[in-house]
Each structure stands twice: as structure tokens, then as C-alpha cells.
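J.: Protein chains in written order, with our numbering: chain B, 10 to 513; chain R, 10 to 513.
The set of hints was computed from the structure by calculation and includes no laboratory data.
Quick caveat: nothing in here was measured; it's all calculated off a predicted structure.
Please note that the accuracy of each hint is not assured.
Far from chain R by the CB rule (all over 12 Å, computed), these chain B residues [what the hints assert, rightly or not]:
1) Asp36
2) Gly207
3) Arg286
4) Asp437
Simulated DEER-style distance windows between Cβ atoms [what the hints assert, rightly or not]:
5) R:Asp164 x B:Gln179: 41 to 47 Å
6) R:Asp175 x B:Glu168: 38 to 44 Å
7) R:Glu305 x B:Arg47: 19 to 25 Å
8) B:Glu459 x R:Ser318: 44 to 50 Å
9) R:Arg328 x B:Ala467: 22 to 28 Å
Don't be surprised by glycine CBs; every beta carbon is placed ideally from N, CA and C.
There are 2 protein chains.
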Amino acid sequence: MTRIVEVTELAPRDGHQSLLATRMSIDDLAPACEDLDRAGYWSVECWGGATYDACIRFLNEDPWERLRTFRKLMPNTRLQMLLRAQNLLGYRHYEDSVVDRFVEKSAENGMDVFRVFDALNDVRNLRRALSAVLRTGKHAEGTICYTTSPLHTVDKFVELAQQLRDLGCQSICIKDMAALLRPQPAFDLVKGIKRKCGEDTVVHVHVHSTTGVTMVSLMKAIEAGADIVDTAISSLSLGPGHNPTEALVEMLAGTGYATRLDSARLRKIKDHFAKVRPKYAAFESKYTGVETDIFESQIPGGMISNMESQLKQQGAADRVQEVLAEVPRVRQDAGFPPLVTPSSQIVGTQAVFNVLMGRYKVLTGEFADLMLGYYGESIAARNPEVVAAAAKHAKKEPITNRPADLLKPEWEDLRSQALALEGCNGTDEDVLTYAMFPQVAPKFFQHRAEGPKSVAQAPAAKGGGKEGAPGKATDGGGKSPVASRVTYNVKIGERTRHVTVEPA
Amino acid sequence: MTRIVEVTELAPRDGHQSLLATRMSIDDLAPACEDLDRAGYWSVECWGGATYDACIRFLNEDPWERLRTFRKLMPNTRLQMLLRAQNLLGYRHYEDSVVDRFVEKSAENGMDVFRVFDALNDVRNLRRALSAVLRTGKHAEGTICYTTSPLHTVDKFVELAQQLRDLGCQSICIKDMAALLRPQPAFDLVKGIKRKCGEDTVVHVHVHSTTGVTMVSLMKAIEAGADIVDTAISSLSLGPGHNPTEALVEMLAGTGYATRLDSARLRKIKDHFAKVRPKYAAFESKYTGVETDIFESQIPGGMISNMESQLKQQGAADRVQEVLAEVPRVRQDAGFPPLVTPSSQIVGTQAVFNVLMGRYKVLTGEFADLMLGYYGESIAARNPEVVAAAAKHAKKEPITNRPADLLKPEWEDLRSQALALEGCNGTDEDVLTYAMFPQVAPKFFQHRAEGPKSVAQAPAAKGGGKEGAPGKATDGGGKSPVASRVTYNVKIGERTRHVTVEPA
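Model the full structure from these sequences, guided by the hints.
T.: Spelled out as C-alpha cells, the structure:
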């Protein structure tokens, strides 16, 4: 009696996001789609905040067009996206009608599975997006952002799973963005969810591979009854990325579990990405090995490189260790949020500021908001002294209600602003692009007609010689779209200015 | 109730052998020894055929001196070596008295644990070396070379374990040199050995990480009762190497198992090898990812690169895939030997010949010997047509007795030959060096007085400028003068300014 374990392939989204700074163009993704579509995956993750951002910021690609291309090329497989709940694919909370509109348009353009998460695991932030998904008839997956702290117990996570079930989620995702999920907790957590929410609750496990233990965690999760697991094809796996798909297949040989995956198709997908990857060498993550220090610092691999580049920009590249030690402290002051977009950037940047300028001498606007409840509730009480400092800095009071409740209807405003932009095509999709990336959208609309601009380069021939292909990268580091543009609130004397910094 | 799992650290032997072509000099190993000695390892593997070979061939280091150095620097930890049984550290069978002498001298110079293996798992080849170890009072570990074939069943391996137990081995090693040991067979095999040979049988598991599944296999082996497992510190792990030590420690958190390892010491060992590794970049294995094709070809990572370089020398670099497909066929003709030194080289080279010149049109002398029984018995019958071709080629008859039984006493001859060499110091150790590496020893003896010659190089400075001085390490950690001047586009309100920043 063999039980089938379903698999989600991550290569087209989190795979290249984690390893190649999300820079892969549709030209390099499309050729793999036929094999992806026929390999037997439960779903293919192919869309999310960073891919959307990279499309319009670096690749002059319309992300909606990319989605429609995936839909056309993968007619037999569920397309899956990662959605930041009330934040959509952006960094702020949106008013409910914008959330509804985004979900409708995504479903209309071909999305099947919406993995909806909130960085603080605040269910109030998840509710609207999940019900919007359910209204479209698509698959609503509620997400538990996994982290560790004195308060994050298996019971607490299971309780959250039950709340997500109660909201009507068809599956529960355990999302381990920093590879912190060790084997035993993986087992206990899946077991706990199945016990509490019913054996028929579909549990979907997402882990990164950074700490070197999570392949074992997948095994244990499967033994505990996990239904679907996430992996990335071997040629786009490991390091800050994910466990290799082919290894998962082989790992299960002889056990009571098996996948549906077709090894011949996997081989072709692997060969394709092995060929493509070197063209993005300029964006490769430097962190390709195993890093167990993360168990202490909690910092995901991508975040470390972000912080390094922030420090380098400040001429303080040698202070990484201090920042790594500061992060857990800042996180505790903030009530132990999981570290995932945007909380990872907010906590990480504040830790950088603390090290460079003295602890909480300068607060970013985002960190003040986090401390004051404007991102939602945290699991633990926040440090009252830092909350007071944040209130003083931001001239705002702490809130306890759902952040989006403070927002007024904004669709019509966003629409008229978007429509005023040169090159905006007047669709709701374009309005959403503007809504989520107001700084980037204008330039993108203006230049969209020029067509996609790949940042892939011909791999350097050994011994040099070949020059980069046209459309070469202007941005040297393996930086994520977020890292390359940082916004600070800088206080000079009594005046606070909102300053955005990006590489020239 | 927590059960302690003991750990062997592989970095000083198989770690750099698998990742850096065995090139690490004692200068780069010695600084880690204090931490290795105090971290709580059951043993530190630090000596074997390839390290011995590399010492005299590339590093002008006396391997016996290296052993004595390890002994001095690690007084509290078992030193462990890998011994090719009747082949000692060479590539041919030695007459019994040479085997005895080698083991005695190794024990005398400080070796504690002898992991003794035969490439064909022929117990007759293991017997003499094991009893020599037992006579010295040191730890004799009998080895099962793990492989897969229609004949390699769990029962067969367990039977072999029992034979090794009967020979007096204090522990049984399951040696998985090509990362073929999947989780379920790992569990079944350890369980089978414990059942058949007694629960008190010490089972020691050695796996490589190449296929990406063996961390899970370690977990399953531990669940089945494995007593000791092999890992390499994270900064010298993964790819064709081994699973990371720190990840093993973390993997067990919360389970009923724990190691004795001290994480602070591990961190120091990790940092040391992270600093040292870039100096050996020229020798880095190109195969750093996961490769599950090995389950079909059975070819260990190191062997693939050997074959590639053989093919390149023949101007046939494009025929790798054909050779990979040929290897399993040659292996079947040879009666399914495990592929490990020297059988891996013998089978691999013959596969290259078959592809380039036609199947068995040309036989290597070693392959003929393998087919005729001169390396021992294989588990399956050999292809009689190929045996006949081998007999014709080598002008020898097949044998069925123990290969070393054909050898006449050879110590005195070896001794007088060695003593005739310029620079030979007249010790038994020097005679053994000559016996095992007759082509390399003369030059080594001649130049030994010049002292060790490291092949480490200064890592290339980023952005060019600094030149690497051979044998000289410059620490890359500092700030480069170029990097500290940065240009930003700074947006304040609606205005963007081009700002260059440099240290005051």
C-alpha cells in the first residue's frame, strides 16, 4: 500500500527568486513549461511579489502577460501563486476592494492556487484575501509562517491552522521561509494539524534548504501525513533555495510513499535550467552552502545578502556579525514576528540602523508602524519602551484593530492616478500594477511597448573573451528587488525626510 | 530518554579529498586540531590512500610525519584511517607480511581506528589486515561497501556483516561512497545487522551527499540503531562530499537522539575551514550540486571528473553521456562490483575504452585482472565471453583463490630497493612509502629535505588588482579601497540626486 505524495515545483517562482535574485525572464522559463505541465506536479508555483516586481523593474515584462503565457503553456497543471494577503504583492496594506479586485483579476488571468500568508500570522489580515479567492471558486490555501520563539509552540500553530480551516481554506501551508523547521517539529506540526483539523485536511509543506536539515523534515512531514510538499528541480535547488525535486523522488523509493512524477520529464526540466542558470551568474546568491547559524539569527539567506549590501553601501561591510546578533533582539522587541516579507526587511533594516547609529536612535517609518500595530498583531507583547519611541517618532498612536480597517476606499483614486500615466492601457490589471508599485509602474508603462528586456548574459567563456549579450545587467549584486531600493526616514535636526536610496 | 549518537568528523580526510582533490596541507589542517580534539567527536578521520598519495606527490610532506602531528595535536580523540585491506594504500595486492608491517607502523605512529574495506567485499581480502589490527590492540572496523544491483540485497549485506563480526571486528561500517544509500535501505540494513549480529554490534554509517537523499538516510539509520555516523564540517561539506556536521546536530533536536558535540567548537572549526577553502579554489570539484543520475550510473562524483578528463585528453569530451551509459554495462559484465577505489577506476577506464574503440576491443591490464579474479571474487558470475577475452589478452588463467596467496614474501626485496634510493631514511615507514608508491617515492625521498610545499594560493581579490602569491594567504575579509566609494541615486520627495559617498 503506497500513499501518493503530491509535489509543487518551485523553480519558476521561489527557485530563481532564492538563487538568482528573481531575474529569470519568460524566455528562459517558457521552454520548460511543456515538461513542467506533463511531469505530474500537483501545482507549479510561478507568480508572486518578487517575480511581479522584477518583471516591471528589471525585465520590462508585463507580469499579467507572463501569467497568461504560463496558463497557455501549462493547460494541465494548477498554477500557484504566493499572495501577501492584505499586502497583495506590495509592501503596504490595501483597502478591501483592491484586494478583491486583485484576486478576481488573477483568477481571471489563469491563477488556480492562492497561497495566502501574513507576515505576522494575523488571521484578520488573511480573511479578506481568502474569502475573495473562495468567491472565485479557486483554491484558497491558508498559510502558517513558521518560526521559532518561546511563544511559537506546536499548539499555537495548530490553533492557527484550525482558524484557517474555519475560514474555508482548502489546504493549509506550513511555510518555512528560513529553513528553521527541524524534523521533529515538522512531524509534530503535521500530526497536530491532522488531529485537530481532521485527517482530511490537506497539509502542504514549504521549506527552504539553507540549514541542511529540511529534506529530513520533509520525510518526517510525509510520515506524519503531509499531502503535498514543495521542491525545486535540482539545477535550481539548494543553498538559500529548496530541496531538489529528483532527490525527493529517490528519497521515497522503498518507503510506503511515492510521488506521481515522471523522471524522464524531470530530467528534461533539470537539463533546461542547468543550461539557463549560468546566464544569470551575475545574480547568483553567494550563499550556496549550508548555514546552521540561522537557527540562532532566524535570518533567511536572501535577507543576509540584503543586509550585507545595505552595510556595504554605508561602508560598514565588516559589521555583519553585529547585525546578525542584533536581529534576534529587534525581533524580540517587536513581539517575535516571523521573518518574511515585509517583516524580514523591516526588522533587518532596523537592526542595521541600530548597529550603525545606536540602538533605536533612528527608527525607520516601517519599523515604527510595526511596533504600533499597523502591520497587525504579534504573538508576544512588544517592548513598551520601543513602542513609546515609535509613537513619538511617528506621531501616531498604537492601534489594535485590523490595519486595513483604517483605510478608505481607494480603488477609484488609484484608477484615476494610473490612467493619467503615459502608457497605461486602462485595464484593471494596469491599475493594480500601479497600486502595488507606484514608484516603478510609471516608467514601466512608458517603456512597455519596447518589449521584454532580458538581463541574462552569455555565460563567460573560460579565459574570458565573450561579452555580455544586449540587455545586460546594470545591477551587479545578487540583490533582490527589495534590497536594491531602500527607503529610510531620516531625521535631520527636527525635520524628518522620507529618503529612497537605490544603486546608481 | 535520549540516546547518544557518536560522530566521526571527515574534514581532514574525505572532506578535502572529495571537494579539494585532497590538496590540503598540514599547515591548513593543524590550526583546527585543538577544536577537533575537544568538540566531542568519537573519531577524526585524517589518513588514507589519497591523503598519503597527495602528501608525497603534490605537497612534499611525509605522510607519517603528518600522522604524528595529528597524534600530537589531538591527544584526546581517536584518529581514524581508511585502509584498502590487502591493497593497503596502493592499487595492488600486497603480500601478507607487508600488510602486517603497515598496520603495525600505523598503530605505532598513532592510528587508533582502522576502517578496512575491500572494493569487491571479498572477505578473504579483508581477513589479514583485520587480524593485524586486532593484534595491535587498536580498533578494527570491518566495512561493507554499499552498492545496488539485482544481487545486492539487505540479506546479503547482513551476511557479510556477520562474517566481519566473526573475524572479531569491533564495529561494522556501512560505506556508501557514491551516495546510493536511500533512507529505507539504510533503515533496513542497520536493523538487519543489529538483529543478526546482536544489538551490541556497533554500526558506523558513512555516506556521501551527492544525491541529496543521504541526510535522510542518516536519520533513518539512527532510528534503526546506528551508533556512529560520519559527517564533515559545513564549510567542507556537500556536493560530492558529505552531510554537514552542524546540520546533523540540529536535525536531532527534539528527537530521542543527540550528539555529544559542542556547537561553539564546531563553529570555530567551520570558520577555520571556511577561511582556508578559498585558497584551494583551483582544486575545487566542479560538481557541487545534487546529482541523482548516480542512482542509474552508480558513478561517484570524483569518478565522473576523472572520466571527463580522460575523454578530454582523447578529444572526445562530447561523449560523456555514452560513457555514463556504458559504465553499468561494464559493471554487470564484471559481476556487479561496488565502484570504489580501485574498481571504480578500472570499470570507468574500461567504459571509456569501450566507447572510444568499440566494446572490449581493447582491454586494460587491470580490467583483465578484475575479470580473471585477480582482485577477488565478485557477487555475481562474470560475463564468460569477456572473461575469455581477458584471458586471451592477459595470457593468464582465471583464478578462484585469494589473490594474495599467489604472492611470494616481498618485504626484503622492497626494503633493499627502497634503501638504494637517494634520500631514503632507512625506516620501515620509508620502505612502506616506496612499496605503495614506487613511482612517486624516489622523487619524494630526494626532495623531502626541502620541506612541505603547500599548493594553496591566495584567493583572487575581487575587482582585480591584487595578485595571488603562491603559497601565501592574504585574508580577503577587509574592505577593498574601491568598494568603499559608492554612488547612489537618492530620491528626496520628488527630486532625484546623484550622490557619491566615500569615507570621511
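J.: All hints are to be evaluated individually against the structure, with a verdict given for each.
T.: Tested hints:
1. Asp36: holds (23 Å)
2. Gly207: About 25 Å separates B:Gly207 from the closest Cβ of chain R, which puts it past 12 Å; holds.
3. Arg286: Since the minimum Cβ distance to chain R is about 10 Å, B:Arg286 lies within 12 Å and the statement is violated.
4. Asp437: B:Asp437 is indeed farther than 12 Å from all Cβ atoms of chain R, at 27 Å.
5. R:Asp164 x B:Gln179: 41 to 47 Å: holds (45 Å)
6. R:Asp175 x B:Glu168: 38 to 44 Å: violated (56 Å)
7. R:Glu305 x B:Arg47: 19 to 25 Å: Given a distance of about 21 Å, which is inside 19 to 25 Å, the answer is holds.
8. B:Glu459 x R:Ser318: 44 to 50 Å: holds (46 Å)
9. R:Arg328 x B:Ala467: 22 to 28 Å: At roughly 25 Å between Cβ atoms, B:Ala467 and R:Arg328 fall inside 22 to 28 Å, so the hint holds.
Hint compliance for this structure: hints 3 and 6 are broken, all remaining hints hold.
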